[in-house]
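One-letter residues, chain by chain:
Protein chains: 2
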Amino acid sequence: MSKVTCDMAVSLDGFTAGPNQSLDKPFGEGEDGRLTRWMTEEPEAHAEVLESITAAGAFIMGRNMFGPSRGDWDLEWTGWWGDEPPYHAPVFVLTHHEREPVEMKGGTTFTFVTEGIEAALAQAREAAGDAAVAIAGGAHTVNQYLAAGAIDELRLHVAPVVLGAGERLFEGVGDVDLEPVGKPWGTDLVTHLTYRVNR
Amino acid sequence: MSKVTCDMAVSLDGFTAGPNQSLDKPFGEGEDGRLTRWMTEEPEAHAEVLESITAAGAFIMGRNMFGPSRGDWDLEWTGWWGDEPPYHAPVFVLTHHEREPVEMKGGTTFTFVTEGIEAALAQAREAAGDAAVAIAGGAHTVNQYLAAGAIDELRLHVAPVVLGAGERLFEGVGDVDLEPVGKPWGTDLVTHLTYRVNR
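First to last, the sequence lines map onto chains A and B. Yeah, the first sequence ends on 199 if you go by UniProt numbering, and it's all consecutive. Yeah, the second sequence ends on 199 if you go by UniProt numbering, and it's all consecutive.
In case anyone wonders, no lab produced these hints; they're calculated from the structure. Every residue, glycine too, gets a C-beta built ideally from N, C-alpha and C. Take every hint as true, because none was put in to throw you off.
If you want the footprint, here are the derived chain A segments under chain B, 3+ residues with CB under 8 Å:
1. 7-17
2. 159-165
3. 174-182
4. 187-199
Between the sequences and the hints, there should be enough to build the whole structure, so can you do that?
Put into structure tokens, the structure is as follows:
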């Protein structure tokens, strides 16, 4: 069965985004691109990490990671991710509002799942085949899958940043049994930590 | 002037202790020794880190790190740390209740400071001479010194543990400018991360 992975860019105090995420500030207030500077400023140094993030055969994300709107769909909106999203694979979006799939350039299809996290995972597993399923975020979605014991490998990319408020990883996940995998490493902009989640 | 250092054993979700710290559970509920297993089970692997923790010329700690009592002093109590505490140096204890200094075996003297964090730091600097001053904890004390911009080097020892509640590092410290120092490293029980705090 597919391995379920999760990569999260996170502040040293455990936030994956600041408060009040919006169209202008998808990572919330106070973040100012600091959680992902390593991706934009040092892509070569982290090439292997960046590849592994998008290597999955299918992705799952919360609705807030798909777009800033809430409630009924704004059908003009096709995500933060531009015409050709970086996923190049099926992406399952958790939502309470039904919507027809949206096909993007480059092989990314957004499929909207209203039946909950287990249903989304089952669909993603089927779409991924032998490849991994990645829980793409945000924190609320990751926390739900962690609490359900559904994530096999958690890869944290810790920026030397203190956000102080926002979306917090690990909130309400219970007692998760983690085991470091490989060696931690990093640059001035990020430290990469990988954990196996034992069941 | 003395460098001000701070070593903190911390869970992956940012707690330095679980909730409801008490005489029986100095690290609070749910911690069960898991934040400091690396110290007790792998002292050789981390010998250099352990030495650097106690290398300072003077230490500052919050009252809750000195003992479980609150309010007026129980004068029978001389700390969690046994007859010969591991500090072997002057230790300044932040408190609102005056008390005469307590001299322990091995060179540790607990001096009780009621005039606040700046006064304690001034006394510790004087006692330390050219050696470092270490902010020993707990989280509340460290957060006060971080918010005051008084810590030069923060050394986090991150256990692969999710506590979910308790005393949280970085709470209310504002926007701290951190810069990784050296390379992160660790074992299955802990990851060591060092940061310079820029002013």
